[in-house]
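Quick mapping for you: the protein sequence lines, in order, are chains A and B. Sequential numbering from 1 applies to the first sequence in the numbering used here. Sequential numbering from 1 applies to the second sequence in the numbering used here.
Don't read these hints as lab results, they were simulated from the structure. Do not rely on the hints blindly, as some may be mistaken.
Partial pick of chain A residues on the chain B-facing surface, computed with a CB cut under 8 Å [unchecked claim]:
| no. | residue |
| --- | --- |
| 1 | Gly24 |
| 2 | Gly25 |
| 3 | Ser28 |
| 4 | Arg228 |
| 5 | Cys238 |
| 6 | Glu239 |
| 7 | Val245 |
| 8 | Val316 |
| 9 | Asn317 |
| 10 | Pro324 |
| 11 | Arg350 |
| 12 | Val355 |
Ideal Cβ positions, reconstructed from N, Cα and C, are used throughout, including at glycine.
The lines below spell out each chain.
Protein chains: 2
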Amino acid sequence: MTARGGEEVRRRNLGAVLREVHLGGPVSRSVLAGRLDLNRSTIMALTAELTAAGLVTEDAPADTGRAGRPSLVVSPASRRCYVLAFDVAVDRLVAARVGLGGVVLARREAVRPRTGVDLGDVVGVLARFGRDLLDPDATCVGIGASYCGMVRRADGMVRYGPHLGWQDQAFGPALAAGLGLALPVEVGNEAHLGAVAEHLRGAGVGHRNLVYLHGDVGVGGGIIVGGRLLDGDGGYGCEVGHMLVNPFDGRPCLCGSRGCLEAEVGEQALLEHAGRAGELVGRAGVGAVVALADGGDPAAREALDRIGDWLGVGVVNLINLFNPGLVVFGGVLRDLYRGTAEPVRRRIDRHVLPVSRERVRLATSALADDATLAGAAELAFAALLEDPMTAVR
Amino acid sequence: MTARGGEEVRRRNLGAVLREVHLGGPVSRSVLAGRLDLNRSTIMALTAELTAAGLVTEDAPADTGRAGRPSLVVSPASRRCYVLAFDVAVDRLVAARVGLGGVVLARREAVRPRTGVDLGDVVGVLARFGRDLLDPDATCVGIGASYCGMVRRADGMVRYGPHLGWQDQAFGPALAAGLGLALPVEVGNEAHLGAVAEHLRGAGVGHRNLVYLHGDVGVGGGIIVGGRLLDGDGGYGCEVGHMLVNPFDGRPCLCGSRGCLEAEVGEQALLEHAGRAGELVGRAGVGAVVALADGGDPAAREALDRIGDWLGVGVVNLINLFNPGLVVFGGVLRDLYRGTAEPVRRRIDRHVLPVSRERVRLATSALADDATLAGAAELAFAALLEDPMTAVR
Numbered sequence: 001m002t003a004r005g006g007e008e009v010r011r012r013n014l015g016a017v018l019r020e021v022h023l024g025g026p027v028s029r030s031v032l033a034g035r036l037d038l039n040r041s042t043i044m045a046l047t048a049e050l051t052a053a054g055l056v057t058e059d060a061p062a063d064t065g066r067a068g069r070p071s072l073v074v075s076p077a078s079r080r081c082y083v084l085a086f087d088v089a090v091d092r093l094v095a096a097r098v099g100l101g102g103v104v105l106a107r108r109e110a111v112r113p114r115t116g117v118d119l120g121d122v123v124g125v126l127a128r129f130g131r132d133l134l135d136p137d138a139t140c141v142g143i144g145a146s147y148c149g150m151v152r153r154a155d156g157m158v159r160y161g162p163h164l165g166w167q168d169q170a171f172g173p174a175l176a177a178g179l180g181l182a183l184p185v186e187v188g189n190e191a192h193l194g195a196v197a198e199h200l201r202g203a204g205v206g207h208r209n210l211v212y213l214h215g216d217v218g219v220g221g222g223i224i225v226g227g228r229l230l231d232g233d234g235g236y237g238c239e240v241g242h243m244l245v246n247p248f249d250g251r252p253c254l255c256g257s258r259g260c261l262e263a264e265v266g267e268q269a270l271l272e273h274a275g276r277a278g279e280l281v282g283r284a285g286v287g288a289v290v291a292l293a294d295g296g297d298p299a300a301r302e303a304l305d306r307i308g309d310w311l312g313v314g315v316v317n318l319i320n321l322f323n324p325g326l327v328v329f330g331g332v333l334r335d336l337y338r339g340t341a342e343p344v345r346r347r348i349d350r351h352v353l354p355v356s357r358e359r360v361r362l363a364t365s366a367l368a369d370d371a372t373l374a375g376a377a378e379l380a381f382a383a384l385l386e387d388p389m390t391a392v393r
Numbered sequence: 001m002t003a004r005g006g007e008e009v010r011r012r013n014l015g016a017v018l019r020e021v022h023l024g025g026p027v028s029r030s031v032l033a034g035r036l037d038l039n040r041s042t043i044m045a046l047t048a049e050l051t052a053a054g055l056v057t058e059d060a061p062a063d064t065g066r067a068g069r070p071s072l073v074v075s076p077a078s079r080r081c082y083v084l085a086f087d088v089a090v091d092r093l094v095a096a097r098v099g100l101g102g103v104v105l106a107r108r109e110a111v112r113p114r115t116g117v118d119l120g121d122v123v124g125v126l127a128r129f130g131r132d133l134l135d136p137d138a139t140c141v142g143i144g145a146s147y148c149g150m151v152r153r154a155d156g157m158v159r160y161g162p163h164l165g166w167q168d169q170a171f172g173p174a175l176a177a178g179l180g181l182a183l184p185v186e187v188g189n190e191a192h193l194g195a196v197a198e199h200l201r202g203a204g205v206g207h208r209n210l211v212y213l214h215g216d217v218g219v220g221g222g223i224i225v226g227g228r229l230l231d232g233d234g235g236y237g238c239e240v241g242h243m244l245v246n247p248f249d250g251r252p253c254l255c256g257s258r259g260c261l262e263a264e265v266g267e268q269a270l271l272e273h274a275g276r277a278g279e280l281v282g283r284a285g286v287g288a289v290v291a292l293a294d295g296g297d298p299a300a301r302e303a304l305d306r307i308g309d310w311l312g313v314g315v316v317n318l319i320n321l322f323n324p325g326l327v328v329f330g331g332v333l334r335d336l337y338r339g340t341a342e343p344v345r346r347r348i349d350r351h352v353l354p355v356s357r358e359r360v361r362l363a364t365s366a367l368a369d370d371a372t373l374a375g376a377a378e379l380a381f382a383a384l385l386e387d388p389m390t391a392v393r
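Sequences are here, hints too, so could you generate the full structure?
Right, dumping it as structure tokens:
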């Protein structure tokens with residue numbers, strides 16, 4: 001038992017050190033020892049092993065001006081160890097080579113037409129991007145993809161992606177085959193991955209409980225509960241866009257229901273309320289309505305107030321259910337929230353319980369348009385961070 | 001490191017063995033070894049230590065009819081090791097001595113008047129019950145209490161208990177002082193504790209994701225996410241009763257808002273819709289309306305349909321957000337759900353996403369009126385199960 005226990009502890013410690021360096025960036029061995037509550041000789045053995053595996057580098061720090069032998073600085077080997085990250089959004093396809101430490105080393109992007117793009121087309125574009133991005137002088141340790149719909153994590157199956165018209169499409173396996181790297185493709189829902197990225201590297205660092213709302217054409221969500229993503233029994237949790245906020249005479253939703261949050265606050269609702277449905281479209285259209293309202297256009301202002309009221313209802317429910325420290329608005333909701341902060345706040349003041357209201361803060365995404373891509377990269381790094389030595393062997 | 005690691009592993013294993021026996025009941029050492037993935041000599045050492053501490057007993061099994069030396073059966077020492085559990089509900093005060101393994105060994109109960117009972121009165125009754133229940137021949141290892149309002153776990157402070165008119169009352173410390181046992185009183189919200197109890201011992205055994213709705217005068221909730229209670233930043237999560245289900249012209253709620261789930265489906269709404277507000281009251285009143293509807297009373301039937309529709313809106317949102325395997329109706333919602341299953345199901349069919357609808361099951365509480373008390377007992381046992389040897393020393 002002791003031998004097995006010791007080996008398990010060592011593996012956990014290797015993962016913990018690599019995670020610190022990956023998420024926090026360069027750090028001295030002495031600081032690492034303090035953060036992980038390990039003694040210095042243990043840390044030295046662990047970082048030596050990670051260095052030998054090509055996962056970190058150890059260097060003398062810049063002159064500290066202090067006496068004594070300085071502690072070496074441990075940095076992620078970003079150029080030697082990387083993942084491929086993909087993002088299938090409604091409007092665009094993105095691929096990137098992301099080095100350990102989370103640095104985007106190279107990227108490719110294409111505008112995606114909104115309709116009539118089947119699995120083969122999408123995989124064809126992404127696989128070509130992916131092969132372009134490979135670095136023969138470094139090691140690719142994983143592949144992750146973000147998809148704008150419901151995904152079964154276990155096998156990368158897109159169960160339901162109404163915005164692209166996909167249903168039960170084996171996206172992960174198809175992309176893995178297209179890339180031909182003998183590595184699986186881990187697939188996640190875009191809002192789930194955006195939440196993870198904001199939690200690890202964005203506006204939510206240090207928060208154990210946060211709600212991330214992601215606007216695309218619809219509204220997705222990712223919710224961090226006690227430091228972990230809420231996934232639910234099948235991985236289909238966090239569907240904030242399909243909260244029933246308007247139980248009577250609600251607007252029809254792509255999901256087949258009526259009165260869902262995304263039907264009431266989505267791009268289409270905003271543009272119609274503002275009287276600009278034929279004229280404006282997409283992210284730019286939402287931005288234009290916010291600009292019009294700022295400029296005094298009464299229809300645009302009224303549309304935003306109406307949308308903001310519904311968005312407020314959704315946010316109220318999320319705060320009362322999750323008692324989060326932070327609510328983050330991402331994707332196109334960054335623009336929308338800037339134009340609706342007042343009606344959202346009004347609903348919060350009226351309906352959120354004081355004990356939950358006293359702490360919660362509202363913010364826009366810090367990672368902006370790269371939140372979902374960054375989340376896909378974290379998905380791809382997960383196995384390495386869990387067990388560094390097995391993953392690079 | 002190895003010594004520390006080994007000691008940590010041993011402590012974790014002691015807790016794991018005791019938890020298995022506490023939650024699963026008597027079990028042979030060989031089955032334990034299999035479940036915990038430990039070898040038999042390790043299990044023997046662990047159970048010997050727990051036996052010596054008076055926490056379990058080891059006995060020869062009843063004749064198995066099989067050849068060979070049978071594996072000893074390990075049982076919780078329910079009569080030697082117990083906790084005190086308390087339940088402050090709107091209508092009643094309960095106290096119990098609960099033995100390891102979760103068996104209620106003795107109990108006291110009092111009807112509580114609905115208004116005008118201050119902290120001192122409640123603590124006086126409970127402390128007297130608690131002292132009566134002590135067993136001088138056994139060891140009390142913890143004290144837990146369930147309270148029908150919002151509670152700050154860290155210090156047992158009732159932050160907000162509108163049904164008893166309490167605000168910022170130091171309930172936990174007051175009860176600890178009243179009992180004078182030199183043990184702290186762990187206090188939890190009744191619906192949170194009901195959820196934990198159903199998860200560990202009731203309808204939710206084996207479910208990692210479940211939603212528990214608890215009806216008293218209002219509606220509380222406890223949500224298990226990935227096997228753990230959702231608590232949120234301050235411990236005030238799961239407030240399902242204050243989801244805003246009726247954003248316009250909603251009924252006034254005790255919290256000061258309007259249109260909350262508990263305002264729309266609570267006891268008062270039901271009795272008013274049924275035209276029985278002056279006449280019926282409490283749990284019995286809700287049961288009477290359900291009986292009237294079963295007997296063909298049209299006002300009662302209409303009231304239940306109306307309430308069931310709102311309850312359905314709330315349940316829809318919870319399923320879309322949490323993708324649970326199970327939704328459990330507890331407290332007075334057991335009666336109410338029996339009378340509203342059809343309108344609730346209608347809302348689910350119309351609004352829940354198919355990927356989440358395909359797995360979820362709806363059920364009434366298996367622990368019935370003892371769910372919250374059983375949860376309080378688990379709260380009291382938590383420290384012992386975390387670290388058995390420190391807790392009994």
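**Prompt:** Once the shortest beta carbon distance from Gly25/A to chain B is found, is it less than 8 Å?
**Reply:** Hint violated; Gly25/A Cβ to chain B Cβ min 26 Å, cut 8 Å.
**Request:** Classify the hint on Arg228/A as holds or violated, based on whether any CB of chain B lies nearer than 8 Å to its CB.
**Result:** This interface hint holds because 6 Å falls under the 8 Å limit.
**Prompt:** Holds or violated: Glu239/A as interface residue toward chain B, Cβ cutoff 8 Å?
**Reply:** holds, 4 Å
**Restraint check, 8 Å cut-off on beta carbons, for Val316/A near chain B** = Cβ of Val316/A sits 5 Å from chain B, so the hint holds.
**Request:** Would you check whether Val245/A satisfies its interface hint, that is, whether its CB is within less than 8 Å of any CB in chain B?
**Result:** Constraint on Val245/A satisfied, holds at 7 Å.
**Prompt:** Taking the closest Cβ pair, is Cys238/A under 8 Å from chain B?
**Reply:** holds, 7 Å
**Message:** Next item in the hint list is Val355/A. Is there a CB on chain B closer than 8 Å to its CB?
**Reply:** holds, 5 Å
**Asked** Do the numbers back the hint for Arg350/A, that is, is its least Cβ distance to chain B under 8 Å?
**Response** Interface hint status for Arg350/A: holds (6 Å vs cutoff 8 Å).
**Request:** Go through the hint on Pro324/A and say holds or violated, using the shortest Cβ distance to chain B against 8 Å.
**Result:** holds, 6 Å
**Request:** Mind checking the CB of Asn317/A against every CB in chain B and telling me if the closest is under 8 Å?
**Result:** holds, 5 Å
**Asked** Under the criterion of a CB-CB separation shorter than 8 Å, is Ser28/A in contact with chain B as hinted?
**Response** Interface hint status for Ser28/A: violated (20 Å vs cutoff 8 Å).
**Request:** Return the status of the interface hint for Gly24/A: holds when the least beta-carbon distance to chain B is below 8 Å, violated otherwise.
**Result:** violated, 22 Å
Checked against the numbered hints above, the structure violates hints 1, 2, 3; every other hint is satisfied.
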